[in-house]
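So the sequences go chain by chain: A and B.
Residues 9 to 223, numbered by our numbering, are exactly what the first sequence covers, in order.
Residues 37 to 595, numbered by our numbering, are exactly what the second sequence covers, in order.
Keep in mind that a hint or two might mislead.
Label pairs and their calculated CB-CB ranges [said to hold, decoys possible]: (1) B/G539 - A/E89: 54 to 62 Å; (2) A/R199 - B/A479: 38 to 46 Å; (3) A/A68 - B/A479: 15 to 23 Å; (4) A/A213 - B/L127: 49 to 57 Å; (5) B/L205 - A/A68: 24 to 32 Å.
Bear in mind the hints are in silico, worked out from the structure with no lab data behind them.
The beta carbon of each residue, even a glycine, is placed where N, CA and C say it ideally should be.
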Amino acid sequence: MPDDTTAGLRLDAVRIRLGGQELLSVDRLVRPGETLTVMGPSGSGKSTLLAYIGGFLDPAFSGEGRVICGGRDIAHLPAQERHAGILFQDPLLFPHMSVGGNLVFAIPRAVAGSAARRKRAEAALADVGLEGFFDRDPDTLSGGQKARVALARVLLAEPNFLLLDEPFSKLDMQLRDQIRGLVFERAKRSRLPVILVTHDAADAAAAGGDVIEVG
Amino acid sequence: MLRFAPLLAIAVLALPVIAGLAGTLAPAFGYLPALGGSEISLEPFRIVLGQPGLLRSCLIALASGVVTAAISTALVALFVGGWSETRTFRLIQSLVSPLLAVPHAAAAFGLAFMIAPSGFLARLVSPWATGWTRPPDWLIVNDSLGLSLMAGLIVKEVPFLLLITLAALPQVPLAASNRLAGSLGYGRVAGFLFTTWPAIYRQIRLAVSAVIAFASSAVDVAVILGPTTPASLPVRLVQWMNDPELTARFMASAGAVLQLGVTLAALLIWFGLEKLCAMATMRLCERGPRFRADAGIRMVALLAMATTAIAIFGGLGLLALWSVSGLWQFPHVLPASLSLRGWQQTLPGIGDPLTTTVTVGLAATVLSALIVVASLAREQETGRSGGNRALLFIYLPLLVPQAGFVFGLKLFLVHGGVGANWAALVFVHLVFVLPYVFLSLSAPWRAFDRRYEAIAAGLGKGRGTTFLAIRLPMLSRAILAAMAVGFAVSVGQYLPTVLIGAGRLVTITTEAVALGAGGNRRIIGIYAFLQMLLPFLGFALAALVPALLFRNRRAMKIA
Numbered sequence: 009m010p011d012d013t014t015a016g017l018r019l020d021a022v023r024i025r026l027g028g029q030e031l032l033s034v035d036r037l038v039r040p041g042e043t044l045t046v047m048g049p050s051g052s053g054k055s056t057l058l059a060y061i062g063g064f065l066d067p068a069f070s071g072e073g074r075v076i077c078g079g080r081d082i083a084h085l086p087a088q089e090r091h092a093g094i095l096f097q098d099p100l101l102f103p104h105m106s107v108g109g110n111l112v113f114a115i116p117r118a119v120a121g122s123a124a125r126r127k128r129a130e131a132a133l134a135d136v137g138l139e140g141f142f143d144r145d146p147d148t149l150s151g152g153q154k155a156r157v158a159l160a161r162v163l164l165a166e167p168n169f170l171l172l173d174e175p176f177s178k179l180d181m182q183l184r185d186q187i188r189g190l191v192f193e194r195a196k197r198s199r200l201p202v203i204l205v206t207h208d209a210a211d212a213a214a215a216g217g218d219v220i221e222v223g
Numbered sequence: 037m038l039r040f041a042p043l044l045a046i047a048v049l050a051l052p053v054i055a056g057l058a059g060t061l062a063p064a065f066g067y068l069p070a071l072g073g074s075e076i077s078l079e080p081f082r083i084v085l086g087q088p089g090l091l092r093s094c095l096i097a098l099a100s101g102v103v104t105a106a107i108s109t110a111l112v113a114l115f116v117g118g119w120s121e122t123r124t125f126r127l128i129q130s131l132v133s134p135l136l137a138v139p140h141a142a143a144a145f146g147l148a149f150m151i152a153p154s155g156f157l158a159r160l161v162s163p164w165a166t167g168w169t170r171p172p173d174w175l176i177v178n179d180s181l182g183l184s185l186m187a188g189l190i191v192k193e194v195p196f197l198l199l200i201t202l203a204a205l206p207q208v209p210l211a212a213s214n215r216l217a218g219s220l221g222y223g224r225v226a227g228f229l230f231t232t233w234p235a236i237y238r239q240i241r242l243a244v245s246a247v248i249a250f251a252s253s254a255v256d257v258a259v260i261l262g263p264t265t266p267a268s269l270p271v272r273l274v275q276w277m278n279d280p281e282l283t284a285r286f287m288a289s290a291g292a293v294l295q296l297g298v299t300l301a302a303l304l305i306w307f308g309l310e311k312l313c314a315m316a317t318m319r320l321c322e323r324g325p326r327f328r329a330d331a332g333i334r335m336v337a338l339l340a341m342a343t344t345a346i347a348i349f350g351g352l353g354l355l356a357l358w359s360v361s362g363l364w365q366f367p368h369v370l371p372a373s374l375s376l377r378g379w380q381q382t383l384p385g386i387g388d389p390l391t392t393t394v395t396v397g398l399a400a401t402v403l404s405a406l407i408v409v410a411s412l413a414r415e416q417e418t419g420r421s422g423g424n425r426a427l428l429f430i431y432l433p434l435l436v437p438q439a440g441f442v443f444g445l446k447l448f449l450v451h452g453g454v455g456a457n458w459a460a461l462v463f464v465h466l467v468f469v470l471p472y473v474f475l476s477l478s479a480p481w482r483a484f485d486r487r488y489e490a491i492a493a494g495l496g497k498g499r500g501t502t503f504l505a506i507r508l509p510m511l512s513r514a515i516l517a518a519m520a521v522g523f524a525v526s527v528g529q530y531l532p533t534v535l536i537g538a539g540r541l542v543t544i545t546t547e548a549v550a551l552g553a554g555g556n557r558r559i560i561g562i563y564a565f566l567q568m569l570l571p572f573l574g575f576a577l578a579a580l581v582p583a584l585l586f587r588n589r590r591a592m593k594i595a
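The shape of chain B in the complex, shown without the other chains (with noise of 0.2 Å):
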């Protein structure tokens, strides 16, 4: 049964990619019988490219895309070249790991209320400094070039590439490296990208393309932060899709194929770029300077690493204090009295989101664990990795823009006779939720010490029982903890829960999005809090499992 287990894994992440796909091309190009499109035409393209201002949303997630990928990647490189094994990058680590599991809506809101005009910022600096007594009338969110929607990407990509980062750095001789370029008179920074940054940068090259695909398409960071007039297309695709004119699906599944474009045109790009700094760090190398000044950037890497931190975790702040205020006039920093009626008044319709999000969570990360550890304890019993070809299954899903395939998906399911229902949700948030158990469980499992099998073994025990007995508990924590990633995975999902939810099947994640176009700060505060209340949850209780389990047992801490 294991030796099918791979199979059922690329199933699970290719074949919704391929059937979406494939229901976003036809209906793209005229043709879904079930609402009349019997013949190929081109009709959805010229209704969508008649739309007004088309091409300004294009550039704007096109932008977005590259200008995300092209910071978050600088200043990961940054950080690691010039604080890599000091106190400094550990403590900055620890404080920026955690962001990885803030759904990005969250993370999105908790910046707005940083940074608008009446957000905690202004109010910091008012009325002393600026003489507000209102808030100024300036676009800061949603500001039509949209530097707040990539503020609010990057803050949450950087996490992502440095934890992908992190992971490479032991199979490279970072130390060694470090210590050869010092020596022969390069500044930290430079010796780094120099001689070490190139071998990284092959291995989290597939997460750069995933950061780029999810930048360019991403909805629910582009709702509450992006441009509205017009918005980025990935915002305006939704509303298409969510039209209940049926034949607005023909124009919609069209803006699909557009989206497609948009971030296939992001990534050669980038590609391109990819290509640009290579050759200009190698003609720069064969010059031989050596940067020795590099205090200046290590600085700005710091603080803008400690800056992505700040603004998410006071934004958070923000939210959970928000939800609890009472009156909170501009330009007050802190609100005059505290009060639970927003509580009071949301609780009682929080039980269906609530539920649904969690038993939705709990089903796909389960399901994702039983699949993962099932793969990789096939690929223990062949010795094959599937190597790169495996690794590009894993990450295809997060490659291919959401917009592009699951609203085809949905066609499917819809013209299959499948309604919003818990297992089609389920079976969505699996695709998204496998890539990140795998990446999170493959390098522990396969770190594994597999000589505590081979004795194992020699005292008479079979697979099964060294399974049970040794490596499960042993992995454990390791296990948990990429549930956890899954879960927190989970509950940030907005497009797929929309879209396949139908609205009838809403969860946290949903609810606070569509909130958030009303403007209620303490209900928006609620929602945010709840969406990183789960994760964080699921996170301490991955934490506890294993620490009250092994609590004598002093080697199991490590993790």
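Same shape as in the complex, but just chain A (with noise of 0.2 Å):
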């Protein structure tokens, strides 16, 4: 867990482009346990600002500036080094593994020995109420359960940072209230720095931290 003399996520004077023009520019400080919400219209690179700060950003755009995170600039970091939990529209889980496969996939190798491995992934499952879970086909989850186990996967790899590209966009009303609280509950008490991407205001709202309007 990150600890608060150099904790949190700082993005210093980054810009993403797309061939020469800018589409946004950000300077903020995401402190542990926060949320910066981007939000603007599709197209206005603000799934872009996730991918350059994730490490996936797509050939076609450029981007420039610090990603500091505990102390140490990860813009130049290989995607698999910046240790960024992401979550998409679509929970996304692996389906030529189980439940369980998809949430031991997820933990860092230090945790040696398919038992205890196994142990955590059940726990994380208990974690998000969903007990028993672990040998079962992901298809066969409802899209709430789908999304939870998509929330364990990703606390489960102990991520410095989340990245949410609109996760909750997909769920249906009921859902997206219990989904999205639970979400930020574990942000908060994980004390992860989050970037949440969105169009919804509910969503805003709900995070509770600062806002940045682009596009």
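From these two lone chains plus the hints, build me the complex, please.
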């Protein structure tokens, strides 16, 4: 868990360009447990900002600026060394693995031994209210259950920060409040800096942090 | 290392073609120092042009190319226009698609067994309707106009063009255009041809060119179904190429250059036809006729499509039946008895060709898959697909007639001291397998949802782990299917196998075509049956392995 002196995620003069044209620029500090909400219409480059921070920017775009996490600039690290927990619109559970397989895949290698890894995955399932789902086929889960597994998977990897790309927009109203509450509660509990991209004002309100408008 | 993959792919595709063309052109103009040809001369061409009936041979090859492409393309256009988004369409599509895997030679034999005077169709109506108690003395198979040759080519090219068209469909707003044209009062077919077809055709144009190149130069189909006196140019070409007289190589090379010219002429005629059709369509469109009464043309397209499938499947069934038939006299529709004698006689000698077919096919397929996957992975890394230029390279071995460059390649190998060995055969198969593996795999590869990889990277997984644990298993079905296509292509290769194998390495396909001349229907049936069995096993495995691996994963069942 990040400690408070160097904690948080700082976006230092981050700019996203498409073919020479600037789409957006951000200069912010997101403290542990806080959420920065980026709002804007589609095509405004807000998802691209997440791709730049997470390290999976499409080669068509270019980005610049420092992304400081835990006191060091991660903008030039390969994606797998940035430890970004990502949630997309779709839960994107790996369809060829069991629910448990998805979770075990996320557990850091430091947790050794398959029994220990399985135990941790089962605890994570219980933590999102899905006891006994370890051996299930992800495709047989309901939309809300899939969203919970996706959240559990992201948290198991012990990320340094969360990137949320409209993760609630495909859930129906009732479920949306529930999952949204769960995600922000867990992020606060783990003291993770969160960047949320959305076009739903209710998301921003639930996140409760700073909001910037782009596009 | 990944960086060199696209370069390797281009080398595999282009170098053999270029080397082969050079190796054909030089001897054609009398230059082949190893055989004492050190001066440029036109003598080889004089000899070729002096062959009796040469003009007719060339015209048949030319017509095969243009007519096959015209009928196949028109059929696919009318069928897609008339029936897309219907249940009938999906039914026919699932019926026609497997035909792609049937080797040309097997399909040609099946068709011959169907339509010959002593074939199944004649037996069905004899003697009660025709009064025939002996096969009529008609020249249906091997007719002098090459009509059955073209029919044999069409039934194999239609599935190919249909599949390429289906792959292009998602990139055009088909449903919306259909509804729009319909609301403006256009008939289904006319609406489709006016609005959607031009965009589709632009995407399948290379494939149509490949059909012309293949049909104008196909050897195996022409040996089985084509005219004999004189034979079409590619058949005579192979006779010259296999002439033990070393000096015949000059003439064979000049013949190969002539073949290139014939194919080029067919392509030029086709490009002219394209312009004419585009102009005529535009004129027609401007006058605004609606063509609402298109039920007739739709039915014709449907029947023709169904006939294609029935002809091949029926033919293949006949082949299988012949292989186990005892006495089966004309005009009996079914054999009087069944017997395994044919199999007992043939099986002992089948080991060698079978081993060669399977090992060469597997090696060429695995190598192709490795190169294609590496190239696609590199493309994904750089975000550059190479676009149309890359596609042209992919199609290059399919656009240059095999007879035009494989002989030159063989001369290169022979005079470079490389005899007929297994590795050389794998290499030359690779040239033709690679394009099909690429064409099959590129669409599903590019359609892969890359957010899965972003998530895996966020979970701290490196590129290698992400590739092996996420992308590879999720695409396993597509990769295996592409490999099955590649294996089927390798099994069906005739000319490259004959030329590079030089009689010392034989496959099921070369044996089948060679035995075709003997006319023993039981033996032909056995070899043709094996020819279709091997690709079928490939596809069955490709479907079975992922189904077993991911048997409890519902989302993996959708291809």
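Okay, A/R199 versus B/A479 on CB: inside 38 to 46 Å? Hint holds: Cβ distance 44 Å, inside 38 to 46 Å.
Starting from the hint 15 to 23 Å, judge whether the C-beta atoms of A/A68 and B/A479 obey it. holds (20 Å)
Hint says 54 to 62 Å; check whether the CB-CB distance for B/G539 and A/E89 agrees. Given a distance of about 59 Å, which is inside 54 to 62 Å, the answer is holds.
If I claimed the Cβ atoms of A/A213 and B/L127 lie 49 to 57 Å apart, would that claim hold in this structure? At 52 Å between Cβs, range holds.
Return holds or violated for the Cβ distance of B/L205 and A/A68 against the range 24 to 32 Å. Since B/L205 and A/A68 have Cβ atoms about 26 Å apart, the given range 24 to 32 Å holds.
Checked against the numbered hints given earlier, the structure satisfies every one of them.
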